[in-house]
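Visitor: Build the complex from these two chains, which are given one at a time in their own frames, with help from the hints.
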Amino acid sequence: MRSKIKKNHEFFELSKFRRRFMLLVLLTLFCILFSRAFFLQGMQKDFLQQEGFERSNRNIELYAYRGKIYDRNNQILAASETVRSITMEPNRVEFKKGDKNKLANLLGIKIKYLNKKLKSKRNHIYLKRKVDPKIASKILALKIPGISTEKDYRRTYPDQEISAHVVGFSGNDGNGLEGVEYKKNDFLSGTHGYKKILIDARRRVVDNLSEVSVPVDGKDVHLTIDKRLQHIAFQSLKKTINDSEAISGSAILIDSKTGEILTMVNYPSFNPNERMRTRSPFVKNRVITDAFEPGSTMKPISIAAALEKRVVNVNTKIDTGNGFYKVGRTQITDTKPHGVISVKEILQTSSNIGVTKIAEKLSKKYLWQTYSNFGIGNLTGSSLPGESKGVMRDYSSWKARDHFSASYGYSVSTTVAQLARAYTPFANKGEIKNLRLFKNDPIKIGQRVLSIKTSEAVLKIMESVTEEGGTAIQASIPGYRVAGKTGTARQFVKGVGYGKPGERKYNASFVGLAPASNPKFIMAITIEDPSKGSNYGGVVAGPIFRRVVAEALKIYSIPQDEIEIKDETDNEKKEI
Amino acid sequence: MKLNLILFSLLIVFALVKINAHHLYRVNHHALEIEKRKTIDLKDEQNQLLIQESSKSGNGRISEYAKSKLKMNPPEKKQKRIIK
Numbered sequence: 108m109r110s111k112i113k114k115n116h117e118f119f120e121l122s123k124f125r126r127r128f129m130l131l132v133l134l135t136l137f138c139i140l141f142s143r144a145f146f147l148q149g150m151q152k153d154f155l156q157q158e159g160f161e162r163s164n165r166n167i168e169l170y171a172y173r174g175k176i177y178d179r180n181n182q183i184l185a186a187s188e189t190v191r192s193i194t195m196e197p198n199r200v201e202f203k204k205g206d207k208n209k210l211a212n213l214l215g216i217k218i219k220y221l222n223k224k225l226k227s228k229r230n231h232i233y234l235k236r237k238v239d240p241k242i243a244s245k246i247l248a249l250k251i252p253g254i255s256t257e258k259d260y261r262r263t264y265p266d267q268e269i270s271a272h273v274v275g276f277s278g279n280d281g282n283g284l285e286g287v288e289y290k291k292n293d294f295l296s297g298t299h300g301y302k303k304i305l306i307d308a309r310r311r312v313v314d315n316l317s318e319v320s321v322p323v324d325g326k327d328v329h330l331t332i333d334k335r336l337q338h339i340a341f342q343s344l345k346k347t348i349n350d351s352e353a354i355s356g357s358a359i360l361i362d363s364k365t366g367e368i369l370t371m372v373n374y375p376s377f378n379p380n381e382r383m384r385t386r387s388p389f390v391k392n393r394v395i396t397d398a399f400e401p402g403s404t405m406k407p408i409s410i411a412a413a414l415e416k417r418v419v420n421v422n423t424k425i426d427t428g429n430g431f432y433k434v435g436r437t438q439i440t441d442t443k444p445h446g447v448i449s450v451k452e453i454l455q456t457s458s459n460i461g462v463t464k465i466a467e468k469l470s471k472k473y474l475w476q477t478y479s480n481f482g483i484g485n486l487t488g489s490s491l492p493g494e495s496k497g498v499m500r501d502y503s504s505w506k507a508r509d510h511f512s513a514s515y516g517y518s519v520s521t522t523v524a525q526l527a528r529a530y531t532p533f534a535n536k537g538e539i540k541n542l543r544l545f546k547n548d549p550i551k552i553g554q555r556v557l558s559i560k561t562s563e564a565v566l567k568i569m570e571s572v573t574e575e576g577g578t579a580i581q582a583s584i585p586g587y588r589v590a591g592k593t594g595t596a597r598q599f600v601k602g603v604g605y606g607k608p609g610e611r612k613y614n615a616s617f618v619g620l621a622p623a624s625n626p627k628f629i630m631a632i633t634i635e636d637p638s639k640g641s642n643y644g645g646v647v648a649g650p651i652f653r654r655v656v657a658e659a660l661k662i663y664s665i666p667q668d669e670i671e672i673k674d675e676t677d678n679e680k681k682e683i
Numbered sequence: 026m027k028l029n030l031i032l033f034s035l036l037i038v039f040a041l042v043k044i045n046a047h048h049l050y051r052v053n054h055h056a057l058e059i060e061k062r063k064t065i066d067l068k069d070e071q072n073q074l075l076i077q078e079s080s081k082s083g084n085g086r087i088s089e090y091a092k093s094k095l096k097m098n099p100p101e102k103k104q105k106r107i108i109k
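Residue numbers (my numbering), protein chains in the order written: chain V, 108 to 683; chain L, 26 to 109.
Looking at chain L on its own, in the form it has when it is part of the complex (with noise of 0.2 Å):
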C-alpha cells in the first residue's frame, strides 16, 4: 500500500514536470521564433543599407554634389600646366 502510494506521488510528480518541460519548450521556441524574425528583419536592413550605400556612393552623385554644393569643376585646359 505504501509503495503505491509512492509511486503514485511519484507519477504525478513526473507528470508535472512533464507538462512543465513541455510549457518551457514552447516558451523558449516562440523566444527562438522571434529571434529568427529579428535575424531576417536585420538581414533585410543590411541588404537596405548596402543598396544605400551603393547608390550614394555612385560616382553620378558624387560628381553632382562636388559641383552643386563644393563648386568643384574640372580644370579647363588654360588652367592645366603639365610639369616637366
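Looking at chain V on its own, in the form it has when it is part of the complex (with noise of 0.2 Å):
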C-alpha cells in the first residue's frame, strides 16, 4: 500500500521526457534571445545608437544680437526686434472649414501660393518669415495641426526715412548693405553659437553635452548725428523741396570745432523698414556720392588764397567794369555791373569778374595747392561706403579757362560734405578738420591751412553776405552773427552742356558758419534744381541754414553774441 502511494516529492517530480523537453525549450529561447541581443548590440550598433542620439541629442543654435546704432544722446537709430516666422509641417496639416482662408489672409499671400506649399514633399518649410508677432499669435489661435511658429529677428529703422541714408539697412540674412550697417557690418554682427543638449523623453532639456560654441553679441556703434537736429534738417528740406518744386535736396552740419557729422541728410529719402527700399532710386547718401559744381561757394577759398599770398588785402580796390569780362574766348558775367569795389564787396555781391581778376594774380599751381589742402578733391575722413573724392583735375591740365572758372567753383566739383570740411579753416584760426561721424573714432589733429590773420578776415567778410546788401540775408539770425556763401551754380548736363538761357538748370548751395564770433557749427545745403520761384542760393538754401542753425544753438545752449536785436514789431508799427 505504502508503496503505491507517491511520496510528496515524489509526485511532483516530472517525467524524463518532460523535464528535457522543457530544458530543450529554454535552451532555444536563451539561444534567440543570445542571438537577438548579438543582432542588436553587435551587428545594428551603429544604426541603433545613431537613432538613440537623433531622439535624446538636440543642437540648438544660440542667437547673436546684431549690435545697435545710437545717436550721439544715446537714442537708438537701428536695433533687431523679436519677430516671429511662420512654419509648416505640410503631412501633418489638417485645416477645418474656413481655417484655410483665414490663415492665407492674416499672412497676405494667396491660396494658390499656400496650396502649393501644402503638396511639398518636405517635412518643414517656411510659409512666411518675420512675421509682426501679433498676427503670429492670431494664427496660432486658430490651431490648425501642423502650423507653427518660430522666433526669429528682424532689423528696425524708428527715425524711418529721416536717417536712412546715414544708417543705411541691412539684409533679410542681417548683414549690412547700405551706410553705417555695412560700413560696421563686422563690428555690429556677432557669431551665432550652438549648443548640444540632452532632453528626456518629456523633450525638458536635462544636460548640455560637451559641444558648445558659446555666441558673441555684436558690438554696439555710436554715431556724433544728433537725432533732435536730424529731424529739423529733414523737415526744413523737404519743405524747401517741395515749395521750390526742386528735384532733390542735401545738407550736412558739422561741429566746426571737432568735425564732428551732427546732422547728414537727403529729400528724397527711402523707408529702410520696408522691404522694397533697394529698388528706391534715392538710397544713396548724396551728401558724400555725389558730386557737383560747388559755383560760388569756392570764392572765399579763392580770396583766402589770394589774401595769403598777399596780393590783395581786404581793402584792395578792383574794377569789375560793366558786369562782362573776356579772358581768352570766355566771357564772364556778374549779375549786375558793380564797378569799382573792394575785396570784401566781390565776396558780399558775388562777384565773378572780381574774383577771376585776383585768382589772375596767383599761378594754377598755388590755386591747386590751396583747392587741394582746403580738402577738395580728397576724402572728408567720414569713412562711409561710396564716397566721392569729387573732381580735381591736376593743374598742369588745366587750360587758362580752368584757371579762373575754378575761382567762382567751376571745372572743379566737390560734395556737400567737402564742402562743410573747406570752411573748417575759417572756424578754426586756419585749420581743417576731418569729418568725424564715428563718435569713437579718435579726433585727428587739424592741419594747418591758412594763417590766423587770414582766416579770421575771411570770415569777418562773410559775415557781410548775410548782412544788409548781401546775398544771404536770409540765412541771418536774430541773437547771432553768422557767416557764409551763397553759390548759384549752372548745372553741367552731359551731352547738352551748360544750357541756353532759359534752359539752363541750377544748383542753389549755401555754406553758413555761426556764429560768427566763435563758429560753433558749418552747415552747408545744395538743392538741386529748384524751379518755383527764386532759384538763388541765398534765398532757396539760406532759411533751410537759418531755421537749423537757429535750433542747434538753442539746444547746444550757445550764450548769443552781443550785437543790436531789431524788433520786428517797431517796422510794423511804422507801416501802420
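Hints in this document: simulated from the structure, not taken from any laboratory.
The reader is advised that the hints may include incorrect statements.
[Unchecked claim] With a straight-line cut-off of 30 Å between C-alpha atoms, the simulated BS3-like cross-links for lysine-lysine are:
1) L:K94 <-> V:K241
2) V:K228 <-> V:K345
3) V:K237 <-> L:K43
4) V:K433 <-> V:K472
5) V:K241 <-> V:K224
6) V:K235 <-> L:K94
7) V:K639 <-> L:K102
8) V:K326 <-> L:K68
9) V:K235 <-> L:K43
10) L:K68 <-> V:K302
11) V:K364 <-> V:K639
12) L:K68 <-> V:K546
13) V:K345 <-> L:K96
14) V:K245 <-> V:K235
15) V:K661 <-> L:K94
16) L:K92 <-> V:K345
17) V:K258 <-> L:K63
18) L:K43 <-> L:K68
19) L:K81 <-> V:K245
20) V:K496 <-> V:K364
21) L:K81 <-> V:K258
22) L:K81 <-> V:K345
23) V:K345 <-> L:K94
Guide: The structure is reproduced here in C-alpha cells:
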C-alpha cells in the first residue's frame, strides 16, 4: 500500500521526457534571445546608437544679437526686434472649414501659393518669415495642426526716412547693405553659437553635451549724429524742396571744432523698414556720393588764397567794369555791374569778375595747391561707403579757362560734405578738420592751411554776406552773427553742356558758419534745380540754414553775440 | 560575512545617492534652461521697449501730436515780440 502511494516530492517530479523537453525549450528561447541581443548590439549597433542620439540629442543655435546703432545722445537709430516666422509641416496639416482662407488672409498670401506649399514633400517649410508677433499669435489661435511659429529677428529703424541714408539698412540675412550698417557690419554682427543638449522623454532639456560654442553679441555703434537736429534738418529740406519744386536736396551740419557730423540728410529719401527699399532710386547718400560744381561757395577759398599770398588785402579796390569781362574766348559775367569794388565787396556781392581778376594774380599751381589743402578732391574722413572724392584735375592739365573758372567754382566738383569741411579753416583759425561720424574714432589733429590773420579776415568778410546788402540775408539768425557764402551754379548736363539761357538748370547752395564770433556750427546745403520762385542759393538754401542752425544754437546753449536786436514789431508799427 | 553585508549595503546606498544626485542635477539643469530662456525673452522685450521708446519719442511724432491734439503751433511773425 505504502509503495503505491507516491511521496510528496515524487508527485511533483517530472517525467524524463518532460524535463528534457522543457530544457530544450528554455535553451531555444535563450538562443533566440542571445542571437537577438547579438544582432542588436553587434550588427545593428551603429544604426541604433544613431537613432538613440537623434531622439535624445538636439543642436540648438544660440542667437548673437546684432549691435544697435545710437545717435550722440544714446537714442536708438537701428536695433533688432523679435518677430515670428510661420512654419508648416505639410504632412500634419489639417484645415477646418474656413481656416485656410483665414490663414492666407493673415499672412497676406494667395490660396494658390498656400496650396502649392501644402504639396511640398519636405517635412518642415517656412510659410512666411519675419511676421509681426501679433499676427503670429492670431495664427496660433486658429490651432491648425502642423502650423507653428519660430522666433526670428528683424532690423528696425525708428527714425525711418530721416536717417535712412546715414544708418543704411541690412538684408534679410542680417548683413549690412548700405550706410553704417554696411560700413560697420563686422563690428555690429556677432557670431552665432550653438550647443548640443540632451532631452528626456518629456522633451525637457536635462543636460548640456560637450559641444558648446558660445555666441558673441555684436557691438553697439555710437554716431555723432544728433537725432533732434536730424529731424529739423530733414523737415526743413523737405519743405524747401516741395515749395521750390526742386529735384532733390542734401544738407550736412558739422561741429566746426571737432569735425563731428551732427546731421546728414537727403530728400527725397526712402524708408529702410520697407522691403522694397533696395529698389528705391534714392538710396544713395548724396551728401557724400554726388559731386557737383560748387559755384560761388568756392570764392572764399580763392580769396583766402590771395590774402594769404598777399597779392591783395581786404580793402584792395578791383574794377569789375560793366559786368562783362572776356578772358581769351571766355566771357565772364556778373549778375549786375558793380564797378570798382573792394575785395570784401567782391565776396559780399559774389562778383565772378572780381574773383577772376584776383585769380589772375595767382599761379595755377598755387591755386590748385590751396584748393587741395582745403580738401577739394580728397576724402573727408567720414569713412562712409561710396564717398566721392569729387573732381579736381591736376593743375598741369588746366587750360587758361579752368584757372579762372575754378576760382568761382566751375571746372572743379565737390560733394556737400567736402564743402562743409573746406570751411572748417575759417572756424578754426586756419586749421582744417577731418569729418567724423563715429564717436569712438579718435579725433585727428587739424592741419594748418591758412594763417590766423587770413582766416579771421575771410570770416569777417563772409559775415557781410548775411548782412544788409549781402546775398544771403535769409540766412541771418536773430541774436547771432552769421557768416556764409551762397552759390548758384549752372548744372553741367552731359551732351548738353550748361544749356541755353532759359533752359538752364541750377544748383542752389549755401555754406554758413554760426556764431561768427566763434563758429560752433558749419552747415552746407545744396538744392538741385529749384524751378519755382527764385533759384538763388541765398533765397532757397539760406532759410534752411537759418531754421536748423537757430535750433542747434538753442539746443547746444550757445550764448548770443552782443549785437543790436531789431524789434520786428517796430517796422510794423511804422507801417501802421 | 558581516563586513561584506555592510559593504554591500553601502554600495547600494551610494548607488542610490548617485542616481538621486544625477536626477536632481537634471531637474536643476532644466530649471536653469528655463531661466536662461526667460533672460533671452526679457532681453528681447527690453529691445522692443527701447525701439518703441525711440519711435514714440521721435520729434516728428511729438510735433504731430502737439499740432493735432494739443493744437500747438509755432507763433507767426506777427505774434512774435522780441523784448530788448
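Visitor: All hints, please: hold or fail.
Guide: These are the hints, each one checked on the structure:
For the hint linking L:K94 to V:K241, the alpha-carbon distance of about 28 Å falls within 30 Å, and the restraint holds. Only pairs whose Cα atoms come within 30 Å are accepted, and V:K228 paired with V:K345 is rejected, the gap being roughly 52 Å. Between V:K237 and L:K43, the direct Cα distance comes to roughly 46 Å. Violation of the 30 Å bound is thereby established for this hinted pair. For the hint linking V:K433 to V:K472, the alpha-carbon distance of about 22 Å falls within 30 Å, and the restraint holds.
Proposed proximity of V:K241 and V:K224 is supported: the alpha carbons are some 23 Å apart, at most 30 Å. The straight-line distance between the Cα atoms of V:K235 and L:K94 is roughly 38 Å, outside the 30 Å bound, and the hint therefore fails. The suggested pairing of V:K639 with L:K102 holds, with an alpha-carbon distance near 23 Å, which does not exceed 30 Å. For the proposed pair V:K326 and L:K68, the alpha carbon gap of about 15 Å is at most 30 Å, so the pair holds.
Restraint check for V:K235 and L:K43: not satisfied, since their Cα atoms lie roughly 48 Å apart, outside the 30 Å limit. For a cut-off of 30 Å, the pair hint linking L:K68 to V:K302 stands: about 20 Å separates their Cα positions. Among the hinted pairs, V:K364 with V:K639 is inconsistent with the structure: their alpha-carbon atoms are about 37 Å apart, more than 30 Å. Between the alpha carbons of L:K68 and V:K546 the distance comes to roughly 25 Å, so the proposed pair stays at or under 30 Å and holds.
Of the supplied pair hints, the one linking V:K345 and L:K96 holds, its CA atoms being roughly 22 Å apart against a limit of 30 Å. Among the hinted pairs, V:K245 with V:K235 is consistent with the structure: their alpha-carbon atoms are about 14 Å apart, no more than 30 Å. A hinted pair counts as satisfied when its Cα atoms are at most 30 Å apart, and V:K661 with L:K94 qualifies at roughly 26 Å. At most 30 Å may separate the alpha-carbon atoms for a hinted pair to count; L:K92 and V:K345 meet this at roughly 18 Å.
Proximity of V:K258 to L:K63 is assessed by CA-CA distance (about 14 Å); at most 30 Å being required, the pair is judged to hold. With a C-alpha separation of about 37 Å, the suggested pairing of L:K43 with L:K68 is violated against the 30 Å cut-off. With a CA separation close to 25 Å, the supplied pair L:K81 and V:K245 stays within the 30 Å bound. With a C-alpha separation of about 23 Å, the suggested pair V:K496 and V:K364 falls inside the 30 Å cut-off, and the hint holds.
Restraint check for L:K81 and V:K258: the C-alpha separation of about 25 Å stays at or below 30 Å, so the hint holds. Annotation: proposed proximity of L:K81 to V:K345 holds, straight-line Cα distance about 21 Å (limit 30 Å). Note on V:K345 and L:K94: the hinted pairing holds, with a Cα-Cα distance of about 23 Å set against a maximum of 30 Å.
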